[in-house]
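Visitor: Once you have looked at the hints, place chains F, A and S on chain U.
Residue numbers (the numbering used here), protein chains in the order written: chain U, 1 to 112; chain F, 1001 to 1593; chain A, 2001 to 2782; chain S, 3001 to 3218.
Simulated from the structure, these hints should not be mistaken for laboratory data. A few of these clues could be false.
[Claimed, not checked] The list that follows gives simulated cross-link-like pairs (lysine-lysine, BS3-like), each with its CA atoms no further than 27 Å apart:
hint: 1; chain 1: S; residue 1: K3089; chain 2: A; residue 2: K2664
hint: 2; chain 1: F; residue 1: K1511; chain 2: A; residue 2: K2664
hint: 3; chain 1: A; residue 1: K2664; chain 2: F; residue 2: K1422
hint: 4; chain 1: A; residue 1: K2167; chain 2: F; residue 2: K1511
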Amino acid sequence: MFTQPIGVAHYLVVGAILFVCGIVCMTTKRNTIGILMGVELVLSAAILNFVAFSQPAFRVDQEASLGIDGHVFALFAIVLAAAEAAVALAIALNYYNNHSTIDVDRAQDLQG
Amino acid sequence: MSSAALLSSILFFPCLGALVILFWARISPAMCQKVSLVCSGLVALATFSFLLPGLPWSFAPYEATVQHGFALDWIPSFQIYYYLGLDGISFPLVVLTAGVSFLAIAASGTIKKHAVSYYILILLLITGMLGVFLSLDLFLFYIFWEVVLLPMYFLIGIWGGPRKEYAAIKFFLYTIFGSILMLIALLMLYFASDLTDPRLEEFVKSDTIIQQTVGSQALEGIEARQADDAVQPLHTFNILALQKIGQLTDQFDEPLLWGYSLQWWAFLLLFIGFAIKLPLVPVHTWLPDAHVEAPTPISMILAGVLLKMGGYGLIRICYPICPEAAQWFAYPVAILGVIAMLYGAFAALAQWDFKRLVAYSSVSHMGYVVLGLAVCSVYAGGQVDSQAWAMGMNGAMFQMIAHGISSAGMFFCVGMLYDRVKHRQLDQFGGLFHRMPTFSGLSFGIFFASMGLPGLCGFIGEIFVLLSTWKFSAVLAIVGSLTLLLTAGYILWTLQRVYLGFEYHGPLPEKLSPATKGEISILGVLLAFAILLGIYPQSLFRYMEATVTQTADALAERLSAKEEPDEQQAQLRIDPLEAPADTKTLLVERVQP
Amino acid sequence: MNLDRMLPLLLGGAWLLPLLAFAIIALGGHYLKKTSSQHRAGFLSTVAILGSFVLAVVAFSMWVSDQGLGEPHHGPEFERAQLEENQTPIQLAALAEEGEAEHAHDGVFSVSGVWYIWAQVGEQKFEIGYYIDALTICLFVMITLVASCIHFFSLGYLQEELETGIKDHLVATSAGEPFERVGRQHRFFQYLSLFCFSMLGLVLAGNLLMVFIFWELVGICSYFLIGFYFERKAAQDAANKAFLVNRIGDLGFLVGIMALWGVLGTLTFGEMSTKLAELAPETQQQASPNKTTIQAASFLQDEEAKATNDEETADWNVGLLILAGLGIFCGCVGKSAQFPLHVWLPDAMEGPTPVSALVHSATMVAAGVYLVARCYPLFTEEVLLVIAYIGVITLLMAAMMALVAVDIKRVLAFSTISQLGYMMLALGVGGWSAGVFHLITHAFFKSLLFLGAGAVIHALHHEQLLIRMGGLRHKMPWTAGMMFVGCLAIAGAGIPGLDWGLSGYFSKDALLAQAYAFAQVNPSHVYLYWLPLAGKALTAFYIFRLWYLTFAGKPREKKLYENAHEAPLVMLIPMMVLTYFAITAGWQIPFTPSSVTTILEQALPAVASFETPWAAALNYPAEYLSHQYHTKIAWTAIATAGTGFLLATIFYVWQGLRPDEVQKQFGPLFRFLQAQLYLNEVYHFLFVRPLHGIARACSWIDRHLIDPFVDRMAKGTVNLARLEDQGDRKLIDRPIDWMSASFYDLAVQLKATQTGMIRQYLVFLVLGTVGFFFIVGYLWQL
Amino acid sequence: MDNILWHSVFFWAFAVITCGFAVMVVLSDNIVRMAVALIFSLSGAAGLFLLAGADFVGAMQLMIYVGGTLVLLIFGVMLTAQGPFISLKAGSGDWIIAVVMVGLSLAMLLPMAWSVPDWHGPAMGASETKTTKQTALQEEAEADQETVVVEHNVSVTEIGLSLVGVRTDLNQEDQESGQLPEGYLLPFEIVSVHLLVILIGAAYLARAKRPRKPTKYP
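Bound-form chain U, shown alone:
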């Protein structure tokens, strides 16, 4: 286990687990904040994949790596995630103000 070098695939697996955790978090939490945390996990998984793909030492064909592009995209993603968190939190607070609850299951105004 420890004698094998790390490759992109390992990162992808970690990313996949993070992603799945995020998804499960989003579907099982009724708390708005909990859902937001799930979103953070999912975004984090995506960023992890960007970073992994930009490291040339992680793969056989080093030319194929993303290089600096991956880093820049990861940065953008982080920034956007932060912004998204801010807005989402604002929405959550607003929702709380209006409905006096943060249970998303109560938010069924869109029901057809």
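Guide: Chains F, A and S alone, transformed into the frame defined by chain U:
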């Protein structure tokens, strides 16, 4: 005992019984039945004795030729002879006729009205049916064919159910229409035939019956022909001679009307005639009415024997005499057969009257016979696969016998129930298994035989016909095999509605007494035969297979020779086992520049 | 010892003994019934099948002493493969090809012959004969053993059928009272004997036509046995349905036989492989037991003129062969209750429970698997792939239905369907011996489970609903214990480290390993491994759900519980015998390296896989190559099954999750599964009703021909006018009204999907994405 | 023991931390504990970034995510976490769905991750075959290289320059060939403006308002 005396006494013994009944003053109905029973029993015994090995008159198995054939002068000026004989095609049907007739008379105990006339007519009917199967002279065949018609008309019309007049006249009109077409066809064949053809020399010399009747005249004619003298044509009604003419010469190939040859027209007319008797969709509608209205024993004979006359006519007259036409009509006839199978099964599925259902099942089962006969498979290079055709013909023959057994049994079951509770509505039965256990058990066996359950007789004919059809046309085989499903559907549904369940919910429940010993033995005999033929079909094939296969081989040879195999095609010829009929067109296209 | 002479005698005797019993009971049933207090018919039947068992065992021992037990297939390539476990799939496939050349095999030993000529037409013969190899013998022993046990069990189970006045509480007469009838134990044993005869005949049959004959005969026996309580409408309907659905399969079978007859010209098992080889005169027969590639190209002759022609013939032949394979498999789909013809088996549970144990779990339904195994050389790659996928669909679908079934016998019925799916899958991915092995182990543990269920039903006086049971382990400790063993066996419990487990552990392990090996070399069919693995969790869940609901917890119906009692000894002893085999059937035979599998592998057929023009270019890994995955798969499988077990325990013992809550949450899915995917309704709508429609149409056409033609002409004009008016209303107005109404209805129904639940939308989003990738990825790889 | 790659060891350590706390986030019902677990999970992810040679991104992850976003989240937790809302439990059915989705997603993602051989890491086997052909001296030199994974660290300078449109990692020839420099100036500007708008919007949304009666919907 000479063949002439033997066959004639079998043939006319029922008439003797009829005379006894006629002149016996103040005979009681029970006595009438006893006399007829003895009479038909002796006939049945005589025919069954042919099966025993070792007797001087026993029927030799694995033998293709006519046995016990003899000819006596009847109307020699028109070359009409009293020519009887047995071969593999007619023998099983004669045995079936004798057996079913005996059982039908045994089942006639409930007939009390005009008993004397009833038994006289039924004995006449037996003679007529035996005559149809025994005669090898076309004219004689036609006479017996008509003899069957009249007793049947009266038997339905007098002893039938509520709509008996309607059913009887319908039966009569349908059949007479077919007979007229047949008459035209056989006169056409008679006047086109000529025994003085040099190609027939070998046959004329070898055939004892021809030698005995018109041999010298024919040989003189042949010699004169070979010497290029003008001779008067020598016509014939001899079925075997006509077959040889059809297979060896081109006398029936002359164009007759609208560019079609004589044999094309003859085939068409004969086919319609036999198809009505068979009956084939769309000329089958006399059958349900006739069956529903006829009394039980008559239904048994009608389904067990009369329908087989149509199939017998096809395999004895239609196909061997007109081989090219048979090939021309192969697809239409096969498709009609498949339609009859499916149509009959579908119509049976929709019936509420028990007897009507059984009647429609007959239509469906007889469709197999037509399909089995029609499958003359043609392959590249003009080779006809005689094996597949022989298999189909054998299957058709077997199906006729098997259906004779199972349908007679089914009609007897229906009749038993009708005699007790006076109705046939399927939805007003139920729970018979509790009230009549033995009868129900036997009925299950009979119905399963009709359903084509392996191990019983119905399966073999069906599987043979379908296997041979596969060689002819895979699509028809697949479509045809759907019938198996439908048959199972209507039979099982019927059994459920009639026998299963916990109580009988129709009128007259108190009349539902268990079956008597006599009834059980009739059903038991039929079921025993169904089982015997099911687990050991070779017991029947050994008698008929040689003749049927020879017929198929002869036809296949004729058709193969007819198709001129040119050099390229001969080169492209492939093993018929490996190539389907459909590739023929493909290969031919490839060859033509 | 002369195997050629003795085996047909012994097995023929074993085959005919039940027929003798049947004939005696059928003809003398009346007499036997009169002395009913001694249940003579039952004894007669039981003695007959015991005799068959003894004969089969003698035949088996003769076989073993002559042919040996077979050796496990661990060639040198196995060790090499183990060393290089980290190979990529492509390398593995190459390794497999390499290994095959070394893995020579001296053919399958078999004894075949003819008893009598059934029918002969021209030169074509149809014979009643036999074909005996290791598979036949093993199945003979298995069938007679299970059947003997079940005969004994039936003597106890059907005790009340000996009485003269039986009240059937499920049937109410018009007076409203329960229907009373005379017992008919002798009829039951009569049918059972006929069934044993037919089943043994099926296994013994020497050609496909004979198989077809007995195929239908077991069908009709099943019909009689399902409809044993023919007073009940449900039983009648179930019997009819079973036979008709089977007939649909049989039609396919018949087409397969016809096609095979068309391409090979023979239906005899012994001749098939020779004829197959003749099809390709210049076959590159690789000396390999498991994969012989007959290339279509080798049909090409040297001469130019013949070339194209022959190629077409070859194509046609291969096409026919595929059709034949599919047709024969169609028959198996019907008989083995595979999707989409599985609908009859759940209903077949209307029959008495011993019937379900014998006919509808252990033997008859396994006949389809047997036939696939028997005809294995005929199947081309396409057909095998179809078999594998049908198997996977069946096993998952049935397992999910078993999750929601509430009737104890129905759970087991669905479980049977699911396990049959496993067998088909194994055969489809090249695991011949794994599939047949599972057939045998399954026969033991499933008949054990059914007999256990029978004991429970017997104890509760014909109560079959799980929700009314509970806590029965106190009242029936033996039954509970043995059923628990059965549950463990079907869930495949075992200890991978020690390589020790119940019979199901070994067979399922072999099966999954083969699926894994197949998925390794055919990456596009990776789901053939993942889905069965998931099915294993479901298996463990539903089977332990059944056990917990029946035996664990507190009694739910006090009255039923109070009256319950342990089964009598005549029922317990057969169960013990089956328990013993459910535990040990997969073990190695002491002091030898052999086991049931190695005996079976003596009959392993050489697979002639035609490289057909339409082939999807599959690789079939040889079965011995999958041994290297056993340990790996065993751990995975145990983990999966453990998950299912854990979940069942959480649900029904610890009550950590609440079943009713889950049921409420998944309401539509739950109802969908409980209604068996509405397949019955769909079939009724698609097939039964149109058929009846056509039937009525045919009948209608007839009546119209009967009607006087003139009569119709006279009324014609009036009718025409009316018709026009009606046409306006019906043809023009009604469709428009109907359209508008149905659009409105549709809109109302579609509205329901918009729940407004954020989390639910999210679930749909994820499932949609996964589904999209599944489809795209799958198509891409294809 | 000599063959142990410390890079791999650290990777597994961080991976376990990241995944473990992520699972904790999922399994915990208490919102506060979830937040704490999330902090650790994201920190672990930052560690993974560092291991992957993305120093700057790792730093940003720590600063923005762990520092900023989480503070924001905890802020939200504190504002809303009252009594009943701290632990809102999902039903049993939700968990079943979740398990099914886990299974499905993993069944899709994991085979995908392993499906490309190129991604399995630097080829150790390839260098082994090479060593047989080389001299012993070279072998020693190679042996050192073998155990050390050669990483490419992207410096902050590179990123900074690329954000304003100067690509140092591309060949000079490509830049001079007349094409536009492939930097990120435009995206950078767009993101900046976007951020500004978002923050203003967020502030507007979250501003203190007069309490209002909840609107009733039909």
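Visitor: Within 27 Å, alpha carbon to alpha carbon, are S/K3089 and A/K2664?
Guide: 17 Å, holds
Visitor: Given the hinted pair A/K2167 and F/K1511, is their Cα-Cα distance within 27 Å?
Guide: Holds - the C-alpha atoms of F/K1511 and A/K2167 are around 25 Å apart, at most 27 Å.
Visitor: CA of A/K2664 to CA of F/K1422, is that 27 Å or under?
Guide: 56 Å, violated
Visitor: Measure nothing beyond the straight line between the CA atoms of F/K1511 and A/K2664; if it is 27 Å or shorter, mark the hint as holding.
Guide: Status violated; Cα separation ~56 Å.
Checked against the numbered hints above, the structure violates hints 2 and 3; every other hint is satisfied.
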